[in-house]
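Student: The lines below spell out each chain.
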Amino acid sequence: MMTANTFDLHTYWTRHLRPRLKPLPYLLLLPTVYFVYLFTIMPTFKVLRDSQTYYHPNRPAREIMSDLSLPGIEEAKRSIRGPHDVGFAYFRAMFDPDTVEGERFFRAMRNTIIYVVTTVPISMLLAFTFAVLVNRRLRWIGSARIAFFYPTMLPMVSAATIWLFFFTPEYGLWNAALRWFGYHGAENWVINPDLALVGLIIVAIWKNAGYFMIFYLAGLQNLPEDVYEAAALDGASWWVQMFRITLPLLRRTTLFVSVVAIISAFQTIDHALVMTYELVTGEADLLLYEIYNQRFILQNYGFANALTVVMIAILLGLTIINFLISERENE
Amino acid sequence: MKMRILLILALLLTTGTAAIAHAQDPVVVEIYFPIAVDSPITETLEGYAATFEEANPGVDIVFSYEGGYSDVKNKLLTTMEGGGDLPALGIMLATDIYDLRNAEAIVPWDAYISDDYLADFFPTWLENSYYDYDLDGTAEFYGIPFQRSTVLLYYNKTMLEENGFAAPTNWEELATTAQALTTADRWGILNPNSWPYWVFQPFAIGAGQNIVSESDSEVFFDAPEVVEALQFWVDLYEVYGATPAGVQSNWGDAPGLFADGAAAMILHSTGSLPSILAKADFEVGVMAVPGKEGGYATVSGGGNLYLVAGTDDATAEAAWNFVQWLTSPEMAVDWSINSGYITTRQSGLELDTWTAYVAENPQAADAVAALEYTGREFSVQQLNDVRNILHSYILSVLNGEATPAEALAAAQAEAAAILSIYVME
Numbered sequence: 001m002m003t004a005n006t007f008d009l010h011t012y013w014t015r016h017l018r019p020r021l022k023p024l025p026y027l028l029l030l031p032t033v034y035f036v037y038l039f040t041i042m043p044t045f046k047v048l049r050d051s052q053t054y055y056h057p058n059r060p061a062r063e064i065m066s067d068l069s070l071p072g073i074e075e076a077k078r079s080i081r082g083p084h085d086v087g088f089a090y091f092r093a094m095f096d097p098d099t100v101e102g103e104r105f106f107r108a109m110r111n112t113i114i115y116v117v118t119t120v121p122i123s124m125l126l127a128f129t130f131a132v133l134v135n136r137r138l139r140w141i142g143s144a145r146i147a148f149f150y151p152t153m154l155p156m157v158s159a160a161t162i163w164l165f166f167f168t169p170e171y172g173l174w175n176a177a178l179r180w181f182g183y184h185g186a187e188n189w190v191i192n193p194d195l196a197l198v199g200l201i202i203v204a205i206w207k208n209a210g211y212f213m214i215f216y217l218a219g220l221q222n223l224p225e226d227v228y229e230a231a232a233l234d235g236a237s238w239w240v241q242m243f244r245i246t247l248p249l250l251r252r253t254t255l256f257v258s259v260v261a262i263i264s265a266f267q268t269i270d271h272a273l274v275m276t277y278e279l280v281t282g283e284a285d286l287l288l289y290e291i292y293n294q295r296f297i298l299q300n301y302g303f304a305n306a307l308t309v310v311m312i313a314i315l316l317g318l319t320i321i322n323f324l325i326s327e328r329e330n331e
Numbered sequence: 332m333k334m335r336i337l338l339i340l341a342l343l344l345t346t347g348t349a350a351i352a353h354a355q356d357p358v359v360v361e362i363y364f365p366i367a368v369d370s371p372i373t374e375t376l377e378g379y380a381a382t383f384e385e386a387n388p389g390v391d392i393v394f395s396y397e398g399g400y401s402d403v404k405n406k407l408l409t410t411m412e413g414g415g416d417l418p419a420l421g422i423m424l425a426t427d428i429y430d431l432r433n434a435e436a437i438v439p440w441d442a443y444i445s446d447d448y449l450a451d452f453f454p455t456w457l458e459n460s461y462y463d464y465d466l467d468g469t470a471e472f473y474g475i476p477f478q479r480s481t482v483l484l485y486y487n488k489t490m491l492e493e494n495g496f497a498a499p500t501n502w503e504e505l506a507t508t509a510q511a512l513t514t515a516d517r518w519g520i521l522n523p524n525s526w527p528y529w530v531f532q533p534f535a536i537g538a539g540q541n542i543v544s545e546s547d548s549e550v551f552f553d554a555p556e557v558v559e560a561l562q563f564w565v566d567l568y569e570v571y572g573a574t575p576a577g578v579q580s581n582w583g584d585a586p587g588l589f590a591d592g593a594a595a596m597i598l599h600s601t602g603s604l605p606s607i608l609a610k611a612d613f614e615v616g617v618m619a620v621p622g623k624e625g626g627y628a629t630v631s632g633g634g635n636l637y638l639v640a641g642t643d644d645a646t647a648e649a650a651w652n653f654v655q656w657l658t659s660p661e662m663a664v665d666w667s668i669n670s671g672y673i674t675t676r677q678s679g680l681e682l683d684t685w686t687a688y689v690a691e692n693p694q695a696a697d698a699v700a701a702l703e704y705t706g707r708e709f710s711v712q713q714l715n716d717v718r719n720i721l722h723s724y725i726l727s728v729l730n731g732e733a734t735p736a737e738a739l740a741a742a743q744a745e746a747a748a749i750l751s752i753y754v755m756e
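Just so you know, the sequences run in chain order H and D. According to the working numbering, the first sequence holds residues 1 to 331 in order. According to the working numbering, the second sequence holds residues 332 to 756 in order.
No lab work stands behind these hints: they were computed from the structure. Errors might be hidden in some of the hints.
Only part of the chain H face toward chain D is listed, based on derived beta-carbon distances under 10 Å [said to hold, decoys possible]:
no. : residue
1   : N58
2   : F167
3   : L298
Here are a few chain D residues that sit away from chain H, every Cβ distance over 10 Å (derived from the structure) [stated by the list, open to error]:
no. : residue
4   : G378
5   : L408
6   : L417
7   : K488
8   : V578
9   : G641
10  : L726
11  : I752
This one's a predicted model, so the numbers in the text were calculated from it and none came from an experiment. Note that beta-carbon positions come from the ideal geometry of N, C-alpha and C, so glycine has one too.
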């Protein structure tokens with residue numbers, strides 16, 4: 001009886017359970033899962049938790065009567081340093097333009113939106129133009145491609161430093177060129193409240209156009225030639241071929257590039273750190289720069305974390321949109 | 332059972348030998364260090380470390396170069412927060428004292444220093460070293476002066492003399508001299524003011540009122556003298572046309588332009604003296620900034636040596652020995668000669684190395700002479716917030732959006748609101 005029973009179990013094991021449990025793939029995935037947890041999931045939850053904490057490490061631990069200058073917080077005798085649990089007070093403050101946090105958040109969001117809606121379309125248009133220009137078989141075309149691609153190879157910090165020199169008032173290259181075209185306005189591009197953001201946008205376009213060009217060039221070189229032959233036989237002009245064939249066929253490239261461009265526009269602040277850090281009035285502060293500023297310069301810990309939550313939400317939203325669109329395309 | 336006993340024995344043995352080996356290890360004194368001037372200070376400091384280690388076997392001095400001043404501070408604070416290995420010493424801005432102490436990143440030197448030791452430092456270097464954190468009426472001492480500088484007025488002596496001018500002695504002379512020396516391809520004076528507080532302070536002090544006092548929670552942005560100082564900055568370009576109009580972001584370029592003769596005078600740090608002297612083919616004059624009605628004024632700046640919180644006693648002791656040696660009159664003079672910073676010790680001026688050096692470089696003696704007129708550098712609680720306010724209103728004036736009186740009144744109100752939580756009745 002016993003023997004039969006054991007025997008049955010063993011058969012059951014080998015026939016039904018064992019084939020389903022393949023530990024090796026999970027074992028191989030484990031390091032990845034661990035690092036995703038360590039560097040993505042855990043920090044995300046930490047940020048969510050810390051966005052509800054009032055903490056100013058640059059202040060002394062002294063107790064005074066205070067409402068912490070946050071909406072919805074009762075006045076009480078508490079440390080000006082923290083930490084205090086304030087729930088969602090920072091998020092309430094961010095959407096209340098009368099608070100310091102609200103003012104900074106609106107300004108950072110406005111600047112970021114201006115930055116994204118200018119840098120992304122302009123650099124993509126330039127990228128496409130460059131790609132069409134260099135997509136031909138000519139002598140030395142390689143050096144033309146390198147010339148367009150070269151800004152991409154520079155680290156952003158070096159690019160910003162070079163541009164800082166171009167933007168120098170009086171003898172800077174950029175200002176000299178503008179004057180030649182009849183410009184006589186302000187020349188302090190990195191410190192002028194009206195121009196600093198434009199300065200960042202110019203550098204970002206210069207830096208990114210060549211990078212996006214690579215994707216368009218790859219797209220152009222993969223287009224089927226027979227379609228163009230047929231179009232040429234039908235007497236379609238260059239413009240018609242461009243708008244009726246090339247652009248529609250490059251739709252997926254455009255989609256991919258635009259998502260990459262938008263995400264990278266949210267993630268780049270290196271040039272702001274080099275160029276516009278002196279403009280403390282915030283006219284050129286992008287969202288990510290504002291996070292850095294609040295966390296490391298002003299040491300407003302909770303607000304920096306609340307801004308990070310917003311940033312994560314935006315990037316997550318963009319990623320999901322990208323995923324949905326590409327899934328639909330694949331069907 | 333036998334196996335387990337063996338294992339425990341083995342474990343005890345390894346930890347035991349490790350402990351013995353540990354005792355023979357040198358005491359490591361790590362120092363976070365910023366690079367803020369244009370001279371080969373890395374080599375100089377490595378040389379100092381080697382010299383000290385030779386005389387003190389069992390101590391290992393490790394300089395960690397972390398970038399600029401703000402990088403050092405950020406690295407220290409984030410390492411502390413993340414529970415990483417901290418250095419024993421940090422060279423950070425004298426003005427960061429409140430931020431660093433409030434963050435519990437530094438501890439006082441009081442157990443080590445003596446009055447005799449401090450008495451020999453130029454008093455101005457100690458103005459941002461004390462902080463009464465616990466409000467018990469006694470301020471603790473945190474910052475030992477190390478790489479210190481002031482604002483100087485650099486002038487092209489040759490050019491001034493050729494045009495019949497002596498060094499200016501008041502604002503009127505400063506402005507008219509600069510005006511007369513301005514040509515189509517030369518400015519009379521460059522006033523790097525895109526990060527303005529430091530270069531601004533000598534003018535406020537020269538008008539009779541510094542923007543800060545001894546207190547950590549008091550500012551004087553809207554004092555009539557301070558308003559006059561900002562008006563003088565505006566007048567320099569609006570009335571005299573002697574300096575570029577509006578905001579000048581030329582801190583990095585000014586020394587080069589001055590050395591090339593493209594500017595007759597500049598306001599800059601003492602730290603730029605060696606590079607200017609090396610490049611200029613004319614006689615360079617340096618002085619504190621002339622005051623409004625005569626007299627002189629300038630402001631201290633630069634970095635102090637801080638003892639990092641959590642340093643164990645043996646390491647702190649070794650760190651203190653190194654600091655004492657590093658700030659000795661002999662070393663302070665050597666450091667000044669090699670780096671361009673001003674010597675920190677008064678008795679250093681009597682050393683042969685110093686007298687021989689100033690015989691060759693009289694400007695170095697003039698820079699030390701300016702210390703007599705030095706006011707306290709701007710530092711208060713929540714310095715970054717309060718300084719941002721001052722900067723944004725000064726820039727709004729330079730951009731022509733407000734008058735000095737309006738702007739500075741608004742700056743005072745905003746600053747006072749932030750500092751109100753630190754005012755103790």
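Student: Would the non-interface assignment of D:K488 survive a Cβ cutoff of 10 Å against chain H?
Tutor: holds (25 Å)
Student: With a cut-off of 10 Å, does the beta carbon of H:L298 approach a beta carbon of chain D closely enough for the hint to hold?
Tutor: At 5 Å from the nearest chain D Cβ, H:L298 passes the 10 Å test, so the hint holds.
Student: Looking at D:G378 again, its CB stays over 10 Å from all of chain H?
Tutor: Per Cβ check, D:G378 is outside 10 Å of chain H; nearest 30 Å; holds.
Student: Would you say D:L726 is clear of chain H, with no C-beta pair closer than or equal to 10 Å?
Tutor: Given a closest Cβ separation of 7 Å, the condition is violated.
Student: D:G641 clear of chain H by more than 10 Å, beta carbon to beta carbon?
Tutor: holds (15 Å)
Student: For D:V578, is the shortest beta carbon distance to chain H beyond 10 Å?
Tutor: violated (5 Å)
Student: Taking C-beta pairs only, is D:L417 more than 10 Å away from all of chain H?
Tutor: holds (15 Å)
Student: Regarding the hint that H:N58 lies at the interface with chain D, is the smallest CB-CB distance below 10 Å?
Tutor: holds (4 Å)
Student: Go through the hint on H:F167 and say holds or violated, using the shortest Cβ distance to chain D against 10 Å.
Tutor: holds (9 Å)
Student: Far enough from chain H: is every CB of that chain over 10 Å from the CB of D:I752?
Tutor: Its Cβ does come within 10 Å of chain H, the nearest being 5 Å, so this is violated.
Student: Please check whether the beta-carbon of D:L408 is more than 10 Å away from every beta-carbon in chain H.
Tutor: D:L408 not clear of chain H: closest Cβ-Cβ about 7 Å, inside 10 Å.
When the structure is compared with the earlier hints, violations turn up for hints 5, 8, 10 and 11 and for no others.
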